[in-house]
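Enquirer: The residues making up each chain are set out below.
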Amino acid sequence: MSDDWAKLRDQFVMGGVQKGRQAMPEKACGKCEHFRQHSASAAGDGHCAVIVENELNKVVFDNTDASQCSQYKEIDRIRTDTSEFMWDPTFRPQRQIEEK
Amino acid sequence: MGGPKMSAVEMRSIEEIEKSGQWWWWAEQKRSKRLDYLRKAVWKKGAKGSGYQPGVKVDLERPILYTQAFQANEHDPLIIRHAKALAHVWDNITIFIQDHAQIMGYLGSRPHTIVWHPEILFLLNEDLYNDRTVIPEPEERSLRIIREICDYWNPQTAGTKMFSKLPPEEIVKLMTGAIGWGLPIHRIGYCTKQWDYMFRLGFEGIIAEIDAKMAEAEERIYRRVPEPEDYEYYKKLDIWKAMKITLEAAVRWARRYSRLARIIAENFETDPQRKQELERIAETCWKVPARPPEHLWESLQFDHFVQILTRYEACDGAWPARPDYWHGPFYDKDVNQDKVLTKEEALDLTGEFLIRCYEVGWFWLMLARDTLQGITGTWVWTLGGVNEDGTDACNDMTDCLLEAARLVRVANPTFAFRYHPQVRMQTLRNVFECIRQGLGYPSMRNDPILIANAMHWHRHPLKEARRWVHQACMSPCPDTKWGCQPFRMANATIIAAKAMEYALFDGFDQVLQMQFGPHTGDASKFESFEELYQAWYTQIKWMMDTLTKVTGAGRYNSSELDPRPFLSAIYERCVDLGVDSAHPSERGNSWITFFAWMETGDSLAAVKKLVFDERKYTMAQLIEALRNNWEGYEEMRMDFVRAPKWGNDDDYVDQIHVRCHNDVAAHSWEIKDPTGNPWPPLPENIAAYVTNATKVWALPNGRRLGDTLYDGGCSPGAGLDKKGPTAVLRSVAKIDHIGAVRATLLNQRLNPTQLAGEKGFQIWHSYIKTWADLGIDHVQFNMVDNETLKAAQKEPEKYPELIVRIAGYSAHFIDLNKKTQDTIIARNVQSLGS
Ligand code: SF4
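For the protein sequence lines, the chains are A and B, in the order given. Those letters in the first sequence? Residues 1 to 100, per this note's numbering, in order. Those letters in the second sequence? Residues 1 to 834, per this note's numbering, in order.
You may find that some hints are simply not true.
[Unchecked claim] Here are the simulated DSBU-like pairs of lysine-lysine, each with C-alpha atoms no more than 30 Å apart in a straight line:
1. B:165 <-> A:7
2. B:481 <-> B:236
3. B:759 <-> B:343
4. B:19 <-> B:790
5. B:57 <-> A:100
6. B:40 <-> B:790
7. B:819 <-> A:100
8. B:790 <-> B:818
9. B:722 <-> B:609
10. A:58 <-> B:161
11. B:818 <-> A:100
12. B:549 <-> A:58
13. B:790 <-> B:722
14. A:58 <-> B:541
15. A:7 <-> B:161
16. B:19 <-> B:794
17. B:161 <-> B:541
18. A:58 <-> B:165
19. B:333 <-> B:481
20. B:794 <-> A:100
21. B:287 <-> B:275
22. B:33 <-> B:57
23. B:287 <-> B:33
24. B:549 <-> A:7
25. B:672 <-> A:7
26. B:819 <-> B:794
27. B:275 <-> B:339
28. B:161 <-> B:57
29. B:541 <-> A:7
30. B:19 <-> B:343
[Stated by the list, open to error] Chain A is nowhere near these chain B residues, computed Cβ spacing over 10 Å in every case:
31. 15
32. 199
33. 258
34. 337
35. 644
[As the list claims (entries may be wrong)] Residues from chain B shown here face chain A by an in silico Cβ test under 10 Å; the list is partial:
36. 147
37. 169
38. 370
Just so you know, the hints here were simulated from the structure itself, not pulled from any lab data. Predicted model, so just to flag it, every value in this text is computed and none were measured. Here a beta-carbon is modelled for each residue, glycine too, at the ideal position from N, C-alpha and C.
For reference, chain B alone in the conformation it holds in the complex:
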C-alpha cells in the first residue's frame, strides 16, 4: 500500500515529537498505512469563512435525478413523490469504491463533491447560483443546469410553501438574521436515530411490519364498511407505502456497492488480501441494512449507510450517536470472545468510520456555512455514561473510538463524554489523553445532572433518560421509541444579546434601522434598575415567543407540506402509528438555543453599578454613548468594561446572571411546543459569537458593534475571568443546571505544559471531580498554547491537523478565518489548582 512520501518532520523520533506537542506528526507515524492513506485522501467539505475549500464542487447528479423522478410522478401524493424521487437517486447515482476503504457509502457521486438539495429552500438555490467557489466545470453548462433546476423548484420548495403558511411578521424578522438563526424546515434538522429498532429488525424486518400494518388497514377500509376512525387509514396507507418504497430502495442502493465490490474482486483486483476484503465488503453490503448486523464490520457499515441515506433525503445538520453503546457488544463479541477480529483491525475499521463521517458535506446556506465554519454540521457523538440500570456503560469500543480519534484527528465527528462517579479509570485516562493531545474533545458532560435534567423538563422516565445522546452539540435526548425526537428545527435559536439592545432602544434595531421588538419605553428616562430589568425581560420573552411560534408552526405543518418518508421509516413510533416523522407524538425534547447570552448579565450589572448605585453616569448619557457606538466616550466605556464581570465568583454580578437564568426558565414553562412540552433555554454559541458581532449593537458591558461576543453559553468573556479556574467554576455553579437550563456550555483553556504526564492527569482529574460535585453540566477544553496557534497562522501548511475547540464543536485551526482564530488566541489560559 503506497502511502505518501515521508516528510522531514517524520524523521524525528516519536519521543521528540511527543515532547514538541505536535501530535499530528505523532498520529501520522502511529496510524496504520491504510488509515494514513484514507486520512490524507479525504476532502475537507467545511467552509472557511463562508466559501468552500478549493476543489470542492457541488454534485449535480443528485438534484438532476431527484428532479426527474419528482416531475415524472406528479399525480402521486406528495410523500410518495418524494419517496420515488429518493429511490430514483439511489438506483442511479454513480457509486465508487475508494482504494483501501472498508466502509462503503458516499454522499455524492465523486469524492470531492457536496450534495445540493434543491427541494429545500429557494434561497439556498439562489445562494448556490450566486456562489463563486463550488460550480463545477464547465461553468456555463453547470449554471444552465442549476438555473433550470432552480426554475422548477423555487416556486415549490419546502421553504416557499412553509413561509407562506407561517406567521408573516415572525418569518420576515427571522429571515433577516437579526434575532434568530436556523430555519423552520423539516429537511434541515437534527435527527436522533433509534438504533435498537433498526439493529433488531433490519430494513427487511421493518418492511414486514409495514406490510402487516398495510394489510390491516386494507382490511378495515377496503374489505368492510369503515368505522369513522378508520378513514385515517387512507392517509396512513400513503405514508406506509412511501416508507416501504424508500426502505426497499435503500437496500438496493447498498447492494449496488455489494455488486461493485464483487465485480472489482473477481475481475480487476490483483492483491489477494484486498481481494478478500472486497469479498467481505460484498457480503456485508448485501446483508446490511437489509438484515440485522452480527459483526462489528456489519454494525459500523449499517450505521454509516443509514447516516448517508438520511442525508440523501435532507440536510441532517447534526449526527446524534452513541457508537460505543450500540457497537460495543459487536466489538466485544468479535474481538474479545470469538476473536474473529484483532484489536488492530477493529481500530482500523473504527478510524475509517470516523473519516467516512468527516467527509460528508453539502451545499449549505450562508447562515450555516459561516457559523459552522471548518465543519459541515455538528457531528457530536456521545460516549460513556450509564446503562439503563445505572451501571457504567464504558466498554472496549469506547476506548477504541478514543484511540482512533487520536490517530485520525478529524474535526468531525467530535465526542462528548458522559462523566459519572463510577466511570472506569482506563477510559477516563483515554479521554484525558485526547484532550491532552489537543483534540479539543471529548467535551465533558455531567451525567447524573443531565439525566435529572431530562426528567425535569420532558418527563422522560429514569431508564429512558439514561439512554440520552446529544441531539446536536449540547442537548440530551433519549434514543428510545417514545423519547426519540426525530428531528429538531434549529430556528428556535435566539440572539439573546439583542434583547438587551432592544431594551435600551425601545425595541428599535440599531443595526437594521427597523422597529423589531415591542415598545418598552425610552430607556434614557428609566429611573431604576428594575425598570431596565423589566424592559429587558419583556424583550427576551418576546424573542422566545417569536421564534418558538415559528418553530411550532413549522413542525405542525411539515407532515403535510414537507414529509420525509425515509426518516419516518426508521422510527418505530412512526411505523407503528403510520405517521410522518414531523408528527408530534413523541414525548418531546424541545429547547431554545440562546446565542450571545452572557453579555446580558454583565451589561445589567454594569448599568446597575455605574448608573443606579454609584450614580456616576445617567441613563441619558449611557444611551447617547451607546447610540454613538461608544465613539467619543472611551473613558466612560472603560468604566463599563471594568465593572464587575461574570466568572470571578463575585456575587454582585453573578446574582444578576442567576436571576436572568431563572426568569427565562420560568417563561419556558409558559410556552409549549406541539408535543405539549416547555421550551427550556440552552445557552451556547458555535461560531455565532463571531458572526453575530456585526449584528449586535454596542452594549453596556463595554462592547462595541463588531467586537466579538462571549464564546460560550456560561463562559466568561475572553480575558474577563481574572481570578483563575476555581472562581470560574464557582460562578458557573451558581446557575441551577437542572431547573434553569437544558444545558449550558463552558469553554476553558488549559496549559499543556502543566498537564503533562501522570501528574497532569491527576491535576485534571481532581478538577473534573470538583466540576462534577459543583453540579455543572458541561465543560470543554482547549489545550494548545498560543505559540503553536500563532505559528500555525504564519505557516498553516505545517499544522494540517491542529485542532481547536470553538464552542460546541471542533475545527482544524487552519480552516478557520483569521477573526475566529484570533478569538481562540484571546481566551485566557488557566493553570489548574490556582
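Pulled out of the complex, with its shape left as it was, chain A reads as follows:
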C-alpha cells in the first residue's frame, strides 16, 4: 500500500512540476464536477472523486486532458474572480480557464 501512496505522491509532485508548461485542453479535469482541487495552493493540483486506482483516488490537475474520460461531467459554474474567494469547489484560478 505504501508503494501505491509513493506512486501517487510522485505523480502529484511531477505533475505539479510540469503543469505550467501544458496548455488547457478543450475537455479538462478542471471543468469536471468530479475534480477536487487541493486547497494548499491555487496551482490546480487535485484529485478525482470518482476514479479510484489501486484503492486510491487518481491524482489529476485542472489541465489534465479529460477527452478520454467516460466519467467526465461538465461543471455548471466556474469562478475565477479571487476577490471574494473562499476555498470553493467551483473556483479555478488557471489563467486559461474562463469564468462561467
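With the hints as your guide, set chain B with the ligand onto chain A.
Expert: Chain B with the ligand only, in chain A's frame:
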C-alpha cells in the same frame, strides 16, 4: 511637508469625533504630519479573499538575482550556494529611500511590490503563474521570465526535494488541505529571534566568533591528524562559511542605504532639516547591524534590518518580538536620561517602525492568502510581562508602542499583552485605550499561567520561561539561547472537526470522497456514547500522528535539503555548535495547532443527549441525516442545534469538552518532536474558521457543510453563548490552561458604549481580574458595534482604518471578504457585569 488634503470629516472637532467612535479620523488628526504621510503612502500587501489588492505586483528582481547566483555557483555545497545567492541579491537589488522616512530597509525593489521566493515550492511557482492579479506589466514579458524561473526551480525547490523524502501517504493527505494546513518546509516558518545575542555583538562581533570557530576547526582538521569526532568539522566549516558570507553581505546591504542617504543629503536635498535626518540615517545604517546599537533610532533600525533580511531569505510567516523589552532601555537612555530624543520624536520613530512592518509582503500560497486574509503574516508582538527576576517589565517604550499603534492604526503588527497582577496601572490604561478605540488588540495573555505552561511542557527554567514571546499568534517561546526555537513549521496544524466527521463515517472523507482516516466502524451501529467517543479519539490521535510525523521529518531533513545560512547566523546556539537553524538542538517548543476544535465537544454532547440519553433519534437516523447534509431533516437539525452548547456554564456539555482536552493532551506526551519534546495542542483558528467551512462535512452540532465554524480556540459558537460573559469565562475556566493546552484562544465582543470613560475602564479591569483569577490564558476583544460594521460594508471608503479582531490576528474590516465580515457581525456582543 505637504500632507494630503483635509477631508470633510476632519473639520469636526476632536471631541465630536471621539464621541462618534470613528477613531480613525481621530488618529488622522492626532498623528504628526510625517506619520500621516507615511501611513497613507503605505501599500496594503495582504490578500482580500485570495487575490491581492489592485496595484500590488510581484517583484521580479529578487528571483532573477537569486537564480543567477545560484546557477553560477553550482559546484559549491548547497548551503554556500544559498548564501552566495542571498549575497548577490543584497548587493544588487534596487534600493530606495521614501520621502520623510527615517527607518530604512524594504522587502522588494519598489514600494508596491511583493517578493517571490521561487526556491521554496513548485506549487507556489505554478500558483503565481496562474495568478491574475500580481503579474507586472508588460505581462507577456513577465510571464516569460516567470516561466523560465519556474523551469529552473521546480525540479529542485525545497518542497520538491522534501516531498520526495517524506512519508508518502501523509504528504499526499496533507496537501489535499482536508486534514491539515501549512507545509513542512524550513523556508516557511515562524522564527523567534535571539536579540540579546545580536544586540550584544552586532554582526561584526558574530563574524569574529565565527572566525575563531573556523580557525579552531582548521587547526583540528588541517594542521594535525584529526580525532574521529573532528571529521564533523568538515560539515561545520561549510556552515560557518555560509553564515559569514550572509552576515558580511547583510552589512554591505545596510551600508548601501547609508551611501544612498548621504548622496541624497549632499547632492539633492534642499530642506536643511531633512538633510540632517538623512545624515543621521547615513550614520545609523553604516553602524547597524554591523555593530551593537546605542540609541533608540539605532536599535529600531537594527531590528527592522534583521526582519527584512530574514524575509529576503525566506517566508517568515510570523514576527516574534518583544519590542518594549529590547528597545525600552534605549528609549529610557535617550528620552529620559540623556534627553537626546524628545517623546514626540520617539513616538514618530515608533509609529514608523510599525508602518515599516505593515508594508512587508510576499507572494504567498493560496492556503495562507485566504486564511490570513487582510494581512501577510501573523505579526503578533509581545508587550508587558515580567523580567527574568519576576518584576514588572512594563516601561515607557511599552506606552510609546501602544500610543503609536492608536495613531497609525495598522492591522499588522498587532500586540499581545502579558498581564500579571503587578502590572503598572498607566500601561494597563493604555492597553485598554487601544481596545476601546477598536483596534482589536492587544490581546490579553495571562502571564503567570503561560510561564507555568512553558515550564510544564518544555522544561524551560523559570528565568527563561519569563522571557517568552509569541512565536506566532499564540504560542509562547523563550527568546534565549537554548529556549529559542529558530523556526516552527506551520503544518502541525490539524482541522480537528474532521476527526468527528471521520468517526461518524468510518474514516471516509465525505467532501473529498476518499478513505482518509482509519476504519473505526459503522457509526450507525454504535450502541453507546462510549463507542462513538472512542472512534473519535482514534481518529484525532491519527490526525495528530499524521501531521507531526510529517513535521518531524521535515525538520530532520531540512539541514541537508534546505539549509538557511542567514537564519542560522543570528542564533548563538547555531554559531556555537556550527549547525544549521533546522538542527534540533534547542530545548524545544513544538505544538499542534487545532483549527475547528470546539465543534467536537458540542457535537458529542448533542449525540449523547438526543441519541443515547433521551433516545429521541437513533444513530442510523443521525448518520442518514448527516449524509444528506441535513437536507430534508430541518426539524431534527434544530433539535441538535438546541442541544447543550459550550459557553453557558453547563456541565453536561462542558465536561465532555474537558474530557476531550485532557485526552488529546495525554496523547501529546506519547508523540515526540525531534528535540524529544511532546506536541501539546493549541486550539485557535485565524480565518480558517471561514475557509474550512467547505472542507468539513455536516456535524451533529447542527452545522451544515458550508456553515462557518466556531471562530476561536475555546470560544463558543457565534450566538450560542446565551448566558453572558461570566458564564463564558466559567465554561472556559474548566479547561486546564497549563496542563491541557499550550494556549487557547477566546474571542469576546464588548459593547463600546458601556465601556466609555473611567467607568468603562473600571468595568473592564474587574473583568480582566476575574479572567486572570480563573486561570484562563487568553482573551481578545472586538469593540466595534454592528451599526459601524454594516455601514462600513456599504461605504468602505469612509472606513479606511476600521480594524477588527479575527482570531489570533487583526485586519482592516474593509480588507476582508463579505463572508468573513458577516461572521464578525454575527458574534454576540456582551455587556460586562451581567
Ligand atoms: S471524472 Fe474524469 S474528467 Fe472528471 S475529474 Fe475524474 S478523471 Fe477528470
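Enquirer: Are all beta-carbon distances from residue 199 of chain B to chain A longer than 10 Å?
Expert: Nearest chain A Cβ is 38 Å from residue 199 of chain B, so the label holds.
Enquirer: Is the straight-line distance between the alpha-carbon of residue 481 of chain B and that of residue 236 of chain B 30 Å or less?
Expert: Roughly 19 Å separates the two Cα atoms, so the pair holds.
Enquirer: Straight-line Cα separation of residue 790 of chain B and residue 722 of chain B no greater than 30 Å?
Expert: holds (23 Å)
Enquirer: Given the hinted pair residue 40 of chain B and residue 790 of chain B, is their Cα-Cα distance within 30 Å?
Expert: holds (24 Å)
Enquirer: Checking one constraint from the list: CA of residue 287 of chain B to CA of residue 33 of chain B, max 30 Å. Satisfied?
Expert: Satisfied, since the Cα-Cα distance of roughly 28 Å is no more than 30 Å.
Enquirer: Would the hint linking residue 19 of chain B and residue 794 of chain B be met if the CA-CA limit is 30 Å?
Expert: holds (22 Å)
Enquirer: What's the verdict on residue 161 of chain B and residue 57 of chain B, does the C-alpha distance respect the 30 Å limit or exceed it?
Expert: OK: residue 161 of chain B and residue 57 of chain B at ~28 Å, within 30 Å.
Enquirer: Decide if the proposed pair is consistent with the structure: residue 549 of chain B and residue 58 of chain A, CA atoms, cutoff 30 Å inclusive.
Expert: OK: residue 549 of chain B and residue 58 of chain A at ~24 Å, within 30 Å.
Enquirer: Classify the hint on residue 370 of chain B as holds or violated, based on whether any CB of chain A lies nearer than 10 Å to its CB.
Expert: Status holds, d = 6 Å.
Enquirer: With a cut-off of 30 Å on the C-alpha distance, tell me whether residue 165 of chain B and residue 7 of chain A pass.
Expert: Distance of about 13 Å is within 30 Å: holds.
Enquirer: Does the structure keep residue 287 of chain B and residue 275 of chain B at a Cα separation of 30 Å or less?
Expert: Judged against 30 Å, a Cα distance of about 19 Å means the pair holds.
Enquirer: The output says residue 337 of chain B does not contact chain A. Does that hold with a beta carbon cutoff of 10 Å?
Expert: Consistent with the label, residue 337 of chain B stays out of reach of chain A, its closest Cβ about 51 Å off (over 10 Å).
Hint compliance for this structure: no hint is broken.
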